[in-house]
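J.: Protein chains in written order, with the numbering used here: chain V, 1 to 346; chain X, 1 to 327.
In case anyone wonders, no lab produced these hints; they're calculated from the structure. One should not assume that every hint holds.
As the list claims (entries may be wrong) - Taking lysine-lysine and the DSS-like style, the derived pairs with C-alpha atoms no more than 30 Å apart in a straight line are: (1) K60/X <-> K306/V; (2) K225/X <-> K306/V; (3) K233/V <-> K147/X.
Computed from a predicted model, the values in this text were never measured in an experiment.
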Amino acid sequence: MTEHFEATDISAIIPIGGRHDDITALYREYQSALAATGVNVEFILVLDGPRPEASEQIESLLRQGEKLTVIELTRSFGDSTALMTGFQKATAPTIVTLPAYHQVEAGEILKLVRALDSADLAISHRWPRTGNRWESMRRGAFHGLLGRVTGQRYRDLGCSVRAFRRRVLEEISLYGDQQRFLPVLANRQGFRVVEVDVRQSPRDRFTGHYPAREYMRRLLDVFSVFFLVRFTKRPLRFFGTIGASVFGLGALLTLWLVVDRVFLDHPLADRPALLLSSLLIVLGLQLFALGLLGELIIFTHARDMKDYQVDRVLEFPAKAAQAAPSGPIGVVARNDELRANSSLTS
Amino acid sequence: MTSRPRLSICVPFYNEEESIAPMHDAIVGALEPLGLTFEMIFVDDGSRDSTLAIAVGIAKQDPRVRVVKFRRNYGQTAAMAAGIEAARGDVIVTMDGDLQNDPRDIPQFLELIDQGHDIVVGWRHDRQDKLISRKIPSRIANRLIAKVTGVPIQDNGCSLKAYRAALIKRIPLYSEMHRFIPAVASIAGPRVAEIKVRHHARRFGKSKYGLSRVYKVLLDLMVIKTVATFASRPLLWFGMLSLPLLAVGTLALGYSLYDALASGGPISLPLAGAGTIFFASSFIFICAGALGELAYKLSDLREAEFSALTQRLRVRQRPLRQPGSTP
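Required output: the full structure, derived from the provided sequences and hints.
T.: As structure tokens, then:
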């Protein structure tokens, strides 16, 4: 697979955040595993905030003449941003992301790259997996919940060893904590995602306990993905349903109070339940208004947000079968052209 | 840019391998005698059969055909939107890929567009479909749609429609909107005409749409109609919505105050509390309206642009003065 590639075959991006192992050893391992097959790899190291220990090791690697691209961020922006920053400097058609700590055996990484022959994104599933029962239960719960919510079933999203084609990140802009959910977002965008079984690194041992805050964050993450996947197109369906039920509850309660007032002569002024009922009514209306606001944003921006992804436009004599290497390029370009054509003055 | 064709025909195909070649023949047969330039855009909506291969084969033979291939199945609205976007003609005709529409009707559509209509809608007056599952729900839905939108069209579901390209390219299309493009387009105030078209029974393949859609379509329609009408003045609209809340709030607060003053007792907590809640809520509504204003301002949707697309312009020019003829 080497001959038909040009300068670089693979760009390997390593975001280095708070949790990292010995960078020199890790880099050597990745480097020797990837270089062994003769593919041309460029390494892009992104230091997410000041990491003195890692910086020192990278310095010495550079002094030894290793060819690296090193990006230092002034503060910690999080893995997604570090990844996107690294991606901007990547030149290869295939991108591999690697964690700054041991997760999978380095020799297995090329398996993912090979899987790209029939997919756009290959993610790893560490198998067989070490770890105690509690951890595997926790994983099962997380992936199960995500599967229910998004309809996509994955087994190891925590593993950030991934390989994908350039166009995946050209189309999906990650922010916040979305890096973990790249497969979900990519699948939604119409990319083919495959899970590849890889051997877990013997040094991938997480023995600590996650703080409760971490669980809360994961839960919120799932919620935000749920939102992103299901309701960014039709917000009123979501807000409207909740709003209508809350409003209905409030209306029923009010009805009861009114009946009570009219027929049983129970003055409203003495009913604390009135507070609850008006709160529910108002809450329902406001949820509905939020949904409307969402619809408004969608409607006014619908021309920029596409419901669909064009794989390619095939037209025959002149520009024969122009594959779109980076997603819907043909259409995006043409869109601007159209806007220019249909200018108001004509 | 090469010369633009007069007419673009957009046809979405989803698993229609048998229909695509006859469709192409029918379109060519109907349009070639007219002696105008036209192009065909076949949108492959992620078909799993050999639809794409056949379409590509046709495109290789006929330079007027372009094929837009979707990455996966996105549905008919998306396919039509993609076709409309890729089209280069002055007039865009959309039709189904299942041979139920007849390209021989296209010349009539063109004629009406030439007469100054912006949108021409086909009406399958002699519809060849199942009565219970297709025709009756569709009839009810169309009545409702006409009522809601104020655009009296008999048959919104007919895919055979013609548009002035400049207009339709500016209309946002998403979700299930292809069913009521005329209603969505009503934000631009287009001149809409409806003509009877031929309708054939399905020859190949299976119908992909059923009864369950009607509910979704209606819901969508109401939302879109609402949003389309208030999009350009959200603050006003949310302000109107907040008025009843404000009224209830003021009433409850006022009454509790009056009651307390008149009887000399303490203010009733439930009543005053409820009043405050309503009052505060009306405030938040207005703030939501302000946010809406922001969203509209940041978008590139402008009513002036729509009005310019559909306007009738008549300028009577004063005769130019000849230089030197003035005293």
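J.: Hints first: check each against the structure and report whether it holds.
T.: Comparing the hints with the structure gives:
Between K60/X and K306/V the alpha-carbon distance is near 28 Å, which keeps this suggested pair within the 30 Å criterion. Distance hint between K225/X and K306/V is fulfilled; the C-alpha atoms sit about 20 Å from each other, no more than 30 Å. Taking the CA atoms of K233/V and K147/X, the gap is near 26 Å; set against the 30 Å cutoff, the hint holds.
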